[in-house]
Amino acid sequence: MSLLRDRLAAGEFTITAELSPPRGASAAAMLGRAELLRGWVDAVNITDNQGSHVRLASWAGAVAVQQSGVIEPIMQMTCRDRNRIALQSDLLGAGALGIENLLFMSGDHPKFGDHPGAKPVFDMDSTQLTWTARTLRDEAKLLSGKELNPAPRFFLGAVENPFAPPVEYRARRAAKKIAAGAQFMQTQYVFDIDVFTRWVTELGELGALDRCAVLAGVGVIRSARMLDFLASGKVPGVQIPEPVIRRLRGVPPDDVGAEGARLAAEVIAAVRQIPGVVGVHLLTAGYEKQTPELLRMAGVDRTRYFPAGTNQPAAAALAGKSPDGH
Amino acid sequence: MTRVMVELRSRPPGASQDPGALGGVTGTAGPRSVPHRPRLSARLAYLMQKVLKPNPANRRFGGVVERSALARKAFTAAERASKETLFGCRMCGQCALPVTGYSCPMGCPKELRNGPCGGVGPGGACEVYPEKRCVWVVGYERAASQGAAADLRRLQRPIDHRLWGESSWLNYWAGRDDHLWTADDGLETAPLMGDHG
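For the record, the sequence lines run as chains A and B. The first sequence stops at residue 326 when you use the numbering used here, and every number in between is there. The second sequence stops at residue 1197 when you use the numbering used here, and every number in between is there.
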């Protein structure tokens, strides 16, 4: 069962985060980082060879996290490396191993990774892959029409970048993925609250928010170097608005991290006020240690997921069950 | 025992910055997937749509062409030549141009048939070829300029890779690609949150 689905369907403020599998044949370090998020986030994305860099497979990472019982995994799947045969086969594998939360995306081009000469597959796009997963689940059929026995149980997610051109098409583009079966949607970094609000509002007008829960992407600019990198425009899909750059450049270089965290906390608090936003997705891989403090600063109260009278999560919060029965 | 590791990789990563050496051939045939700026204005392209519709005359003509292997070959070559010049056609054999603002999605390095990826640059630049404009940004502008932006709502099904190199016009007139896209996104009939146990 997917607790992520239950929380989102109930309209509870939900927090997801990102966990990147290691470059190595052990999931231990990743599980250590997951432990730091225990109780603080409801589910973690297990990325699929992010940035086209080879890492431990997302399905294996998702299984390891699931088995650890620390947090519910969301298995990411890109269209970059597998054709429709392999994708459907892996979807069935995920279903068999009890991985229900799935997140589909096109994936970065191999050009940006550690194997730039690799064949870009892109046999399907992310909308088609979402549609395929829904067909497997709801019609118990493969794309070929062949019947499945049994059909998998899935909770389907997609991503959108409300800030990339053509901006006026982005809500329709998201709606298309929702029509194809997306039940939750995580966004690219939100720094521009106005553009984001317009995007969510249009989704609401289209009736898409009755069908899909939106989680606003939140990132933390941790250093002056990271600011330079993100502001350079070289990171696909990431745009940092001028006022944000000015604000972070306005503090001493050593304080950029603290100011970046304050900014992220403000973004979390601001997007919570936007009708239709059900949660936040923390794009903060590698920031697990500081994540609880960030959420506290944003005024997020997770104590109901922790044992009574403490502000620390306990083993009972595993697999998302809150100790007080929620 | 000492094992000698033979390097499998042919060249160090990032050795080539030449976009031509990207390995950008996503499909199984045809030239690389590189964004191509349409050379036919949106207005003319949409006018052409009326002429190329699968009307009885075109269907009859297509039927005649298909009866002879030679005629088919000549017709396909003519289609390739004209569409290559105008739209950067790669002959996927299942043309999406009528519903993409006549900007070819097969020029997208990810061959996305359902709209732009999230990596489009601030000015509308392609993520993979920053010196080119995203085919979907161009397609959206062209479709919107002709009142056809709603076409971009259609859900595009995965393509059939067996059709590379075939004439898409003959397939279109014969109705062999009727299943390529839906009439609309069908959002209104998509299940509501909580409908799935």
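No lab work stands behind these hints: they were computed from the structure. Built from N, CA and C at the ideal position, the CB exists for glycine as well. Errors might be hidden in some of the hints.
Capping the alpha-carbon separation at 30 Å, the derived lysine-lysine pairs in DSS-like fashion look like this [claimed, not checked]: (1) Lys1073(B) - Lys1053(B); (2) Lys234(A) - Lys289(A); (3) Lys234(A) - Lys1083(B); (4) Lys1050(B) - Lys119(A); (5) Lys1083(B) - Lys119(A); (6) Lys119(A) - Lys146(A); (7) Lys1073(B) - Lys1050(B); (8) Lys119(A) - Lys289(A); (9) Lys1083(B) - Lys1053(B).
Just so you have them, the derived chain B footprint on chain A, three or more residues with Cβ under 8 Å [unchecked claim]: (10) 26–32; (11) 234–242.
Against the structure, the hints:
Straight-line distance between C-alpha atoms of Lys1073(B) and Lys1053(B) comes to about 21 Å, which keeps the hinted pair within the 30 Å bound. With a CA separation close to 27 Å, the supplied pair Lys234(A) and Lys289(A) stays within the 30 Å bound. The straight-line distance between the Cα atoms of Lys234(A) and Lys1083(B) is roughly 33 Å, outside the 30 Å bound, and the hint therefore fails. Simply put, Lys1050(B) and Lys119(A) have alpha-carbon atoms about 38 Å apart, too far for the 30 Å limit, and the pair is violated.
Straight-line distance between C-alpha atoms of Lys1083(B) and Lys119(A) comes to about 26 Å, which keeps the hinted pair within the 30 Å bound. Proposed proximity of Lys119(A) and Lys146(A) is supported: the alpha carbons are some 29 Å apart, at most 30 Å. A C-alpha spacing of about 24 Å is found between Lys1073(B) and Lys1050(B), which places the hinted pair at or below 30 Å, so the restraint holds. For the proposed pair Lys119(A) and Lys289(A), the alpha carbon gap of about 37 Å is over 30 Å, so the pair is violated.
About 16 Å separates the Cα atoms of Lys1083(B) and Lys1053(B), which keeps this hinted pair within 30 Å; it holds. Residues of the stretch 26–32 of chain A with a Cβ under 8 Å from some Cβ of chain B number 0, which does not satisfy the need for three, so the listed coverage is violated. Counting residues of the stretch 234–242 of chain A whose CB falls under 8 Å from any CB of chain B gives 3; the rule of at least 3 is met.
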